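Line by line, the protein sequences give chains A and B. For what it's worth, this note's numbering labels the leading residue of the first sequence as 1, then goes sequentially. For what it's worth, this note's numbering labels the leading residue of the second sequence as 1001, then goes sequentially.
Think of the hints as simulated: they come from the structure by calculation, not from any bench. The reader is advised that the hints may include incorrect statements.
[As the list claims (entries may be wrong)] Facing chain B, according to a computed beta carbon distance under 7 Å, are these residues of chain A, among others:
id: 1; residue: 71
id: 2; residue: 187
id: 3; residue: 190
id: 4; residue: 331
id: 5; residue: 338
id: 6; residue: 341
id: 7; residue: 447
id: 8; residue: 454
None of the values given here were measured: they were computed from a predicted structure. Ideal Cβ placement from N, Cα and C applies to all residues, glycine included.
Listed below, chain by chain, are the residues.
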Amino acid sequence: MTFVPSSEINNNSPQSLQPKGWLRYFSFSLDHKVIGLQYLVCGFVFYLIGGALASAIRIELTSPISDFMARDVYNQVLTLHGTIMIFLWIVPVVNGAFGNYLIPFYVGARDMAFPRLNAVAFWMIPPAGLMLISSYFITGAAQSGWTAYPPLSITTPAAGQIIWIISVLLLGGSSIFGGINFLATILKLRRPGLKLMQLPMYCWAMFGTSILVVLSTPVLAGTLILLSFDIVAHTGFFNPSLGGNVIVYQHLFWFYSHPAVYIMVLPAFGLVSEILPVHCKKPLFGYTTMVYSIMAIVVLGLVVWAHHMFTSGTPPWMRLFFTIATSFIAVPTGIKFFNWVATLWGGKISLNSAVLFSCGFIINFVLGGITGVALAQVPFDIHVHDTYFVVAHFHYIVYGGSVFVIFSSIYHWYPKFTGKMLNENLGRFHFLITFVGFNLCFAPQHWLGLNGMPRRVAEYDPQFTFVNQLSSLGALLMAISTIPFLWNIIQSIFKGEVAGDNPWEGLTPEWLTSSPPPVENWNGPAPLVTEPYGYGAVKKEALDETTTNKTESPKQTE
Amino acid sequence: MLAVACLIAGGLWIGLHVNLLPDSASVNAPIYDELFKVLFSIGAILFLGMLGLVIYSLIRFRRRDGETGEGIALEGNLPLEILWTAIPAVVVLFVGLYSYDIYERMGGMENMNQSSHDHSSMKTEQRIWGGIGASTSQLDSQRGLNPLPVEVTAMQFAFLFHYPQGDILTGELHVPIGRPVSMKMESNDVIHAFWVPEFRLKQDVIPGQPTILNFTPNKVGKYPIICAELCGPYHGGMRSTVVVEEPDAFDSWLSKNSKQTASET
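Given these sequences and hints, build the entire structure.
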């Protein structure tokens, strides 16, 4: 097989037609690095929109009565908040942004396996997102939650719900294209001589994630198409008044949407595994067990979906099966956390923003994981299901987990993306208010859920007013925390210290080229990095080995 | 070792002494609280342990100013990795078996489709799709208590409770203390959920698929009934009250409200 992407880029004709400079970020660029940054910036814009919606929810909840917005608008806002944060921010950024930027470097390729499909996958996102948000202004957005359970999704105004379905179908399609591309790149574009078990951990995380994407996203697509038939053509797949079964929808929906949690979290696990060794100057602890635990999470992640349905129409045997399966996910996940702590142990840890956000992730995610194991227990879940306890739990997983890792990754790779360093003091300040604000916002919600506050309500028992105001104060801090971050990002492009090729002295291949990297990724042949984590006082020669390997030319085989 | 002992003692103390739960007003609530205390203790030990390890590592192994050099070249440690695979596996297995035991004591493993709703107005045998259902005939033989059947209908945005005994239709659930209540629930429109935090029980109320929920209240008082499944704009306002009263008070409520029909025997 020929090395298709490199030839495509090296042939000047297709690339030379593309705009140069900042304009290329608004073009149908085929460069995986441009596409990665397109995903990142686009995702961040949607994060700000989703964050504004979250602020609106928290403002509504500072008082126990529904007084800030109309009740149906409140339901639209919570539906949009969930959908935007999942499908337009976390999934595209932890997969699309960092995956596209890093995976070709890590496998020693000059681009993704299918560059055009890659650009198509990205360019499906902005129209889908715009359509979703504009539905609020044109017809009123969907108001049945991001889960869109029928019959509610069939009986609420149809236009908004249909637009929601089309957007999610487009975003799911984009995700599937991306998943296929990552699988092909990791399996087929590895530089000759590079073995699978020598790949950086993020490749393994993306490999596992892409398997989940390719297996489960089509199920969501099929389900939503059937739901749209129920809405526009009055079929009866899920409509009980026409003989449909509402519980089947929940099974099909969660068959995708539980793996979706791992689609948001496994890449984050991979990114942390890249960041910690560099800043601790220590090898990643337990590489092999890390790989196996990712694969175990992938397999188990496919057979736990019904734990979202414990209080639904679920017979006792099913409740118990899914309790056991879900509980066991804690084992491979636990291994990963112990391994990260062991990676910190005995290191020379630079206490910079990237490390602080990664450690914040470990602390938040451990708490989210513990409440997750508790929620997996049927008797426990029967009390707190669909309450603020669950809201707190999954925000600890997706915000305290994935979003903290996204920030950590931006602090870590910004020098590579732009060639400039970020301001560390601003970064540490950003971490501090994010961490305090996040925990102030979500920790009290555990208590709210246990004591009787259901989720997705605009009005609640007045006894919960004070704790809700505390939570809203935390949300205010989180909103404020984006200001130092944005300021840091923008001013560092112009005024940041010049980073140089390898400011952190990392060993993974993206650091063995200029910052920002050339279109071909390396000016010379791709380096063969067989020990991506070869740090450590005893193995000092490892660095010299990899740098000498750099000059060795790759044996391109036909 | 000392640190581990302190950690376990601290976690247990937190788990047993910090009360995060509301009042308990049904027979299965104390069983739930027992599970909660165990999970809370284990969780507190694990969380404080990990928190301590991360903070300790960050302080102890931080790079001091002007310090160069690298960490130790430690790539793994098989016995250690086996240990921290085995410990969570054992903990998880214990938690799983324990919560199975709790679930069984709450009546969760009873055969739902044997519940004796045959003396209710619905004569046709309908499949029960979910819920917590101690078969009422078993309860009869165990305690000699005749369970109180109630038919629950949920709609946007209210619960309706129908007592076949006396043919009472009410928006407020009245139940006598100490007597098992057997509810059969169905929705008229979208999915709702019946939740009483003080009973530690919740069950979705689904259109087209009846579910059941059995409980025995054991504390007199008024407790909120909350809809816990997004059901439309007024979801937050879909609340009712369950009134647990002494048997005498309940009987007088029942006789005051029942329709004096000849069919009642």
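>> Please check whether residue 187 of chain A passes as an interface residue: C-beta within 7 Å of a C-beta belonging to chain B.
In response: violated (25 Å)
> Does residue 71 of chain A meet its interface restraint, that is, does its C-beta lie within less than 7 Å of any C-beta in chain B?
Replying inline: holds (4 Å)
> Against chain B, with CB atoms and a cut of 7 Å, does the hint on residue 190 of chain A hold up?
Replying inline: violated (22 Å)
> Does residue 447 of chain A pass the interface check with chain B, least Cβ-Cβ distance below 7 Å?
Replying inline: holds (6 Å)
> Holds or violated: residue 454 of chain A as interface residue toward chain B, Cβ cutoff 7 Å?
Replying inline: holds (4 Å)
>> A closest beta-carbon separation below 7 Å is what the hint needs, so does residue 338 of chain A meet it against chain B?
In response: holds (4 Å)
> Given residue 341 of chain A as an interface hint, is the shortest Cβ-Cβ distance to chain B below 7 Å?
Replying inline: Where the cut-off is 7 Å and the nearest Cβ of chain B is about 5 Å from residue 341 of chain A, the hint holds.
> Does the interface hint hold: is residue 331 of chain A within less than 7 Å of chain B, judged Cβ to Cβ?
Replying inline: holds (5 Å)
Violated hints for the displayed structure, listed by number in ascending order: 2, 3.
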